[in-house]
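Undergrad: Chain residues, written in single-letter form:
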Amino acid sequence: MTETFEFWVSYLTNGRHLNWYASFQYTVIAALLGGAFALLFGIGGAALRNSSLPPLKLLGTIYINMVRGVPDVLFFIFFPLAFEQLVELVIAQSACPAGGGAGVWPPCPEANWFLGTGEYLLLASVSLGIVYGAFTANVISGALNSVPRGQLEAARAFGMTNWQVLSRVHIRQMWVYALPGLSNCWLLLIKATSLLSLLQITDIVRGANLLGAPNFSRTAGVIHGDWRWGYYLALLLFYILVTYLSEKAFAAITRWASRGMPMAERV
Amino acid sequence: MQNAAPVVEIDNLHKSYGPLEVLKGVSLTAHEGEVVALIGSSGSGKSTLLRCINMLEVPEQGSVKIGGEAIRLSGKPPNRHPADEGQIRRIRSELGMVFQQFNLWSHMSVLGNVMEAPLHVQKRDKVEVEAAALEMLGKVGILDKAANYPSQLSGGQQQRAAIARALCINPRVMLFDEPTSALDPELEVEVVRVIRLLAEEGRTMILVTHDMDLARTIAHKVVFLHLGKIEEEGTPAEVFDAPKSRRLQQFLRAADHT
Ligand SMILES: Nc1ncnc2c1ncn2[C@@H]1O[C@H](COP(=O)(O)OP(=O)(O)OP(=O)(O)O)[C@@H](O)[C@H]1O
Ligand SMILES: [Mg+2]
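Taken in sequence, the protein lines are chains Z and E. Just so it is clear: in the first sequence, position 130 is 298 by our numbering, and no numbers are missing. Just so it is clear: in the second sequence, position 92 is 98 by our numbering, and no numbers are missing.
Honestly, the hints are just simulated from the structure, not real lab data. The reader is advised that the hints may include incorrect statements.
Take a look, some chain Z residues computed to stay more than 12 Å from chain E by CB distance [what the hints assert, rightly or not]:
(1) Leu-249
(2) Val-258
(3) Trp-273
(4) Leu-413
Quick list of the computed label-pair ranges, beta carbon to beta carbon [said to hold, decoys possible]:
(5) E:Glu-91 / Z:Gly-212: 22 to 28 Å
(6) E:Pro-191 / Z:Pro-430: 20 to 26 Å
(7) Z:Glu-415 / E:Ser-160: 44 to 50 Å
(8) E:Glu-38 / Z:Arg-423: 46 to 52 Å
(9) Z:Arg-423 / E:Gly-74: 47 to 53 Å
These numbers come from a predicted model, not from an experiment. Every residue, glycine too, gets a C-beta built ideally from N, C-alpha and C.
Please put together the full structure from these sequences, using the hints given.
TA: Here's what the structure looks like:
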């Protein structure tokens with residue numbers, strides 16, 4: 169009995185498992201940071217799309233419509249690579265001797281930009297932010313349009329600056345219309361964190377795959393057979409927990425946002 | 007009233023929406039302490055005229071002066087706009103506007119609504135503003151609703167809150183756009199009572215209304231707008247008891263039956 173207990177303790181705390189546990193933290197960080205970027209790009213994109221200046225409006229519309237249509241997997245491989253190579257290209261302009269190393273990348277070793285987990289995590293978060301920012305922008309631009317015109321007009325009539333009208337009335341009232349859509353975007357974003365391995369981050373799904381696979385060792389023989397179901401189950405529970413906590417958080421934010429709002433009184 | 011200083015001077019205002027010319031050269035002056043009632047049938051341009059006073063709508067032609075200061079406009083129509091954002095904001099912060107649909111900010115308490123502009127536009131002291139706001143809520147009779155949200159109030163109470171909000175900025179002039187038209191008759195009474203009170207206090211007001219009885223009893227000057235022009239104006243006695251133009255006679259006959 170104690171022997172099996174000890175086995176489980178040492179098995180579950182071996183180096184590979186500790187790495188796997190750490191990757192949960194990457195997932196959570198990428199999701200939270202990605203969510204923050206998505207909100208930022210979302211508000212920016214919505215502001216562009218609702219702008220009265222045609223070039224800005226066009227830019228916002230292009231962002232929202234194009235990015236939403238591109239498969240996120242494609243975008244996740246494309247954006248970090250393109251960004252990395254762009255940075256290397258810039259470095260190469262000054263670091264590399266002219267004409268050297270045709271056909272290889274980077275053109276010279278000095279131009280190689282080494283990315284650690286931190287950099288990849290940031291790139292991953294920005295990628296998530298760009299993709300889900302487009303969905304968020306769509307939700308927010310609709311929500312901004314749902315705020316009663318009369319209240320914005322009243323704000324202007326009392327002498328508020330454009331920025332005050334936007335921040336004190338328009339955005340403040342937008343939330344209640346946007347939150348249902350934003351909660352959808354957020355859950356989709358969380359699911360997309362399972363693609364983190366595409367960005368060189370040991371994500372939890374890949375980790376589960378590796379750890380659960382039948383495990384042999386030359387000295388000890390078979391350690392375990394195909395245990396992937398157990399690891400997948402743990403992932404399932406993790407995502408359910410995250411979803412549950414998200415729902416709780418959104419419910420609390422919704423309560424805050426809908427205080428006094430007419431449509432909330434009816435509920 | 008003619009000896010008092012002019013507070014609002016509107017000169018030869020023209021305003022179109024696309025091909026539709028809504029105001030066709032309207033001039034109007036409201037003096038200190040004067041109550042001007044604007045009447046006219048639906049679509050005659052009353053709201054548009056009122057909204058041109060604080061440049062919520064920018065006229066293509068003509069000028070507006072508040073307290074002798076002309077609102078500077080620049081650009082050619084249809085892109086005419088206030089030349090100086092700072093000036094227009096300062097002037098707006100001295101004009102108390104009351105809307106037909108109340109337009110209270112739903113995410114703020116009644117007290118929050120009343121304190122908003124004094125605090126964040128006029129940058130007045132918080133303690134002083136709160137005292138003033140409570141006094142105004144008391145004046146309009148909804149002091150007990152200070153902590154409620156607008157959606158928890160009846161229409162009549164909401165409109166009185168909106169009046170308190172406009173009063174709290176210490177306006178040079180109150181601009182009312184059909185303040186009772188969205189209300190049931192029994193709620194109308196309580197708002198009308200507040201408007202009468204303000205008139206008795208000697209406040210300068212421009213009031214768009216369908217309530218002929220109110221116009222007759224509180225206005226010093228009644229202006230009848232028809233198809234974007236001032237068809238007739240005068241004292242309540244002149245306008246209501248001895249209307250000269252056919253249009254006004256027709257309008258008053260129709261108003262009697264509603
Ligand atoms: N933003 C706008 N765009 C286009 N047309 C408008 C706009 N605002 C008003 N109008 C038109 O201008 C005309 C005058 O409108 P206005 O609201 O000034 O009339 P009103 O005298 O206040 O009428 P009511 O008694 O119904 O309030 C109407 O024909 C209206 O349809
Ligand atoms: Mg009107």
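Undergrad: Name the hints, by number, that the structure is in violation of.
TA: When the structure is compared with the hints, only number 7 turns out to be violated.
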